[in-house]
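*Asks:* Chain by chain, the residues:
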Amino acid sequence: MKKRFSVFMLVVLFLGIVNAAGLSGKITIWCWDPNFNVAIMEEAAARYTKINPNAQIEIVSMAKEDVEQKLNTILASGVKKGLPEIVLIEDYNAKKYLESYPGAFADLTKHFNYDEFAPYKLEFMTIKDKVYGVPFDSGVAGWFYRRDYFEQAGIDPSKLDNITMDEYIELGKIVKEKTGKYMQAGDPYDGGLMRTLLQCAGTWYFDEKGQPNFVNNPAMVEAVNVYKKMADSGISKEVTGWNEWVAAFNGGEVASVITGVWIIGSIKAEPSQSGKWGVLPVPRLNVQGAVNASNLGGSSWYVLQNSENRDLAIDFLKEIYAKDVDFYQKILIDRGAIGTWLPAQKGEAYVAPDPFFGNQKIYVDFAKWMEMIPPVDYGIYTYEADAAIMGIMPDVYSGKLSVVEALKRAEEQCKNLIGL
Amino acid sequence: MKRKITYTFIYIILTIAAFISVFPFYWMIVGSTNKSVDVNKGKLTFGTHFLTNFKNLVNNYNLGEVLWNSIQVSFFVVVFSLIVSSMAGYGFEMYKSKGRNYVYGAVLLTMMIPFAALMVPVFKLMSFFNLIDSLWGVILPMIPSVFLIFFFRQNFQQYPKEIIMAARVDGASELRIFFSIVMPSMKATYAAGAIYAFLTSWNAYLQPLVIIQTQKNRTMSLFIANLASGYQPDFGLVMTAVVIATLPTLILFFALQKHFVQGILGSVKQ
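Protein chains in written order, with our numbering: chain A, 1 to 420; chain B, 421 to 690.
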């Protein structure tokens with residue numbers, strides 16, 4: 001028995017050496033946010049170097065705009081030296097890079113089993129049936145609400161998992177009347193909610209050909225209506241920028257927040273509100289085919305085709321991001337990061353009740369909603385479209401333009417911005 | 421009476437202007453003594469968290485390495501930029517040739533090209549010289565400063581040509597004249613130039629951003645941008661880092677303040 005075991009150990013060792021000898025070298029990774037993506041990659045790197053001690057991993061942490069700037073410079077210059085192996089790209093911008101620099105990113109179709117990832121994450125990283133990225137964190141949206149305020153207003157949350165935005169605004173009026181609190185806080189000129197609403201309806205700013213599609217897009221008409229109704233109803237506390245927004249719910253001024261799951265860290269930053277929060281599915285847009293699930297933000301990993309240790313980098317992503325269930329539990333607990341590799345969502349961290357949210361098993365819910373998110377092709381000009389439509393909103397609020405007229409102008413403006 | 425009203429008016433405007441320029445500075449210092457949550461809430465009074473912020477900064481990041489990189493970059497840029505640009509300015513002013521003003525005009529025109537447009541070619545060039553991810557790749561392109569050439573030329577216009585003539589008669593070489601006679605007598609101009617060169621290199625962002633590839637070669641501006649990014653940045657920490665980054669500029673400015681004012685005044689022809 002003992003002998004057999006040592007033979008087995010020898011074989012394992014030998015295989016280990018052979019495997020390691022095949023792949024060694026240094027992987028350089030560019031990403032942003034020292035407390036989120038960088039910390040998560042460090043965890044992944046530590047795990048991989050245990051499997052393959054011949055690999056060296058350097059994670060370069062920089063601002064998000066800087067990753068984009070550097071990537072553009074290096075790809076536009078055509079220089080092949082000093083390319084990082086792996087870069088993080090925001091989902092809304094992914095297609096821009098894939099289409100602007102054909103051949104720059106490695107085709108990963110054969111390396112990963114993409115059925116195991118959340119379907120909505122694949123749409124924007126696929127070009128002509130080739131998949132170029134490894135889906136990473138999710139921005140699955142939730143409707144975070146204050147249990148205490150809702151109770152005070154006499155609203156029963158258990159009946160709210162299938163409502164529309166119109167019903168949401170009506171509820172907001174009740175909350176305001178009964179508790180004196182705003183239903184939500186938001187910047188009326190921020191396109192985040194617009195993107196969330198469009199995705200729940202399974203559409204985007206563009207048609208299949210990549211042309212701006214504002215006026216003839218029922219979801220967009222309805223979404224602008226929602227913005228207008230929201231402004232008129234006075235249920236939303238007007239804020240500018242991230243800090244004021246976070247301060248509004250940390251300070252207990254609002255009864256709910258509709259946004260991506262990544263906000264949990266900021267909500268939990270106010271420990272005195274522990275147990276007072278809960279999460280519901282997002283209200284859907286009142287159009288045909290819309291579901292009570294959506295997404296806001298998120299990003300994914302991409303491997304550069306001409307980088308020195310490309311194959312090692314692919315192996316690294318495969319071993320950790322598509323195999324290590326425990327890794328996903330660890331990043332959920334430590335960083336509040338929800339991955340989009342579905343098998344990890346059966347793990348224990350996902351099914352644990354969260355006392356901060358009144359012992360609701362919030363991650364079970366988020367995992368469920370994540371699979372319902374309608375896949376949408378973000379195209380390459382999301383932010384240009386965002387700017388065009390948000391730029392016209394003042395005239396919508398003041399009543400100077402009707403919704404249809406405003407959309408017509410915004411569509412023109414968007415075409416100008418992208419040079420069509 | 422009318423005069424009094426005018427003065428009151430001027431003082432009101434000056435007070436507002438002074439407030440606008442000092443307030444961010446005040447807020448930075450206050451921010452460095454507060455927790456991130458308080459900075460978020462817009463707290464404007466001093467807190468007690470400076471030491472905590474400072475410890476977090478020093479313990480979690482290699483601040484010394486970052487500062488040392490920035491100091492090296494700024495030192496070499498200041499030294500070489502002053503020598504190169506002042507010699508160029510001197511040459512343009514003192515030596516007459518046919519094409520002089522055309523060349524000078526062409527040099528000045530390059531001021532209008534934003535760095536963003538030069539980024540890709542500069543990156544290619546540095547890659548050709550194998551200077552990617554090296555501090556020299558950051559330093560070299562910053563040495564020839566068009567503004568400084570212009571600035572020095574303006575100042576040399578006032579320089580009495582008779583002194584140069586006299587030196588020539590005494591048999592001094594052109595380089596000797598420049599280094600032993602002209603340079604020592606233009607201290608104020610050089611001091612002002614040094615502050616300018618220091619500020620631009622210390623605060624340089626895009627240039628190091630595209631050239632530097634690894635953590636260990638980062639400069640202060642890249643480091644701060646990284647701290648301030650992210651979904652939930654620690655603003656107390658960021659403010660502390662900004663305070664530290666501002667100190668060298670402040671010290672240099674106060675040390676050279678007297679010369680700086682003279683140097684700037686000197687560049688105006690009277």
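Just so you know, these hints were derived from the structure itself, not from any lab.
Note that the Cβ used here is the ideal one computed from N, Cα and C, for glycine as well.
Be aware that one or more of the hints could be misleading.
[To be verified] To give an idea of the interface, some chain B residues facing chain A are shown, with a C-beta separation under 10 angstroms as derived from the structure: (1) Ile601; (2) Ser605; (3) Ala648.
[Said to hold, decoys possible] Under 7 angstroms between C-beta atoms, here's a sample of chain A residues computed to sit facing chain B: (4) Trp32; (5) Asn35; (6) Met62; (7) Ala63; (8) Glu68; (9) Thr73; (10) Val79; (11) Gly265; (12) Lys268; (13) Glu412; (14) Gln413.
*Asks:* If a hint holds in the structure, say so; if it does not, say that too.
*Replies:* Here is how each hint holds up against the structure:
no., hint, verdict
1, Ile601, "violated (45 angstroms)"
2, Ser605, "violated (44 angstroms)"
3, Ala648, "holds (7 angstroms)"
4, Trp32, "holds (5 angstroms)"
5, Asn35, "holds (6 angstroms)"
6, Met62, "holds (5 angstroms)"
7, Ala63, "holds (4 angstroms)"
8, Glu68, "violated (11 angstroms)"
9, Thr73, "holds (5 angstroms)"
10, Val79, "holds (4 angstroms)"
11, Gly265, "holds (6 angstroms)"
12, Lys268, "violated (11 angstroms)"
13, Glu412, "violated (28 angstroms)"
14, Gln413, "violated (24 angstroms)"
Consistency note: the structure conflicts with the earlier hints numbered 1, 2, 8, 12, 13, 14.
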